[in-house]
Amino acid sequence: MNKSVLSKVFSAIAISLGAIATSLPAQAGTIVNGWNYARDDYSYDGSGSGGFNADSRWDIYGMGYKVVGNDVYVGINSSNSLYGVNSNNTNVGFGSLFLDFNYGNAGNNFSTAQGSLLGVRFAPNNDFGANTVGVYTGVTGQSVASSNNGYSSYNAYRNSAGNSTAGDLAANDSYFAPYINNGSSLPLEIATGNLFAGGNLSYLTQSDLAAIGFPSTIYQASANPNTFGFKFTLPSQYQGQQFLATLGFECSNDLVSVRPVPVPPAIAGIFLAGAFGGWRAARRKKQLKVVAA
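With mature numbering (1 follows the signal peptide of the UniProt record, and there is no 0) applied, the sequence shown covers -28 to -1, 1 to 265.
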């Protein structure tokens, strides 16, 4: 392999690695026991009738996901439950899980992502008009806070919660900027979408999650600790791609986002080592041919 060819190989590798780097968000999530996990229990930032404290039934303490093949496993630590909690004769629970596969791209935020989101309706009692739990594509969200004894806007929640976080994101992250700027509520429930027949949604108990390493420790005292989860299959057009996962309550009393974890820097070393090894092997083969001649 001459210098010209070698130069082309390394240039191609550099371009590939650059493409990988530029396609990833500037900030990344955290891996815990193989789970991409975001804590949200640094403070009480999910309010109940008594305010922000250990008794609130609308607090998400953390959420994580892991991708195994084409399946996504999701675990949730919260004071709420899969089926919601009664509030003034209204069942108030989780909205929908939203996956944004365009996260990190120029101009991307939760508003511009509407219509292209993957949504998972896992809470059977929530307010999504369709009765079917499952995976939905081409999703646009809606706010149902007004019918769930919730905050009048995202800003109203932020002002009450103080210096809160949304998992891996700050509550005032630019991802939520359109709703902060116009004073509206976050669309935390599916409004429209297309049911994916191959979604294969199934539920995971706390024991199921413990068996596969989900980090269920809650670092705040809680009167109602609850850990549960679910898994589902990604449609083929999303398989192998990274995403931002966002989940909140129907009442908009708390939310959490989990960022993707980028390809480890060590992969760059693997690419370079492989290329260098290939070059050395080709050079060795050429030398042997010269000797044989």
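If you're looking for bench data, these hints aren't it; they were derived computationally from the structure.
Small disclaimer: the values here were computed from a predicted structure and weren't measured.
Check each hint, because a few of them may be wrong.
What the hints assert, rightly or not - Computed spacing ranges between beta-carbons, pair by pair:
#, residue 1, residue 2, range
1, Thr112, Ile184, 17 to 23 Å
2, Thr104, Ser179, 38 to 44 Å
3, Leu173, Ala128, 30 to 36 Å
4, Ala78, Ala26, 40 to 46 Å
5, Gly155, Gln211, 34 to 40 Å
Backbone N, C-alpha and C define an ideal beta-carbon position, used for all residues, glycine too.
Verification of the supplied hints:
1. Thr112 with Ile184: 17 to 23 Å: violated (32 Å)
2. Thr104 with Ser179: 38 to 44 Å: violated (27 Å)
3. Leu173 with Ala128: 30 to 36 Å: holds (32 Å)
4. Ala78 with Ala26: 40 to 46 Å: Given about 42 Å between the Cβ atoms, the range holds.
5. Gly155 with Gln211: 34 to 40 Å: holds (38 Å)
Comparing the model with each numbered hint stated earlier shows that hints 1 and 2 do not hold.
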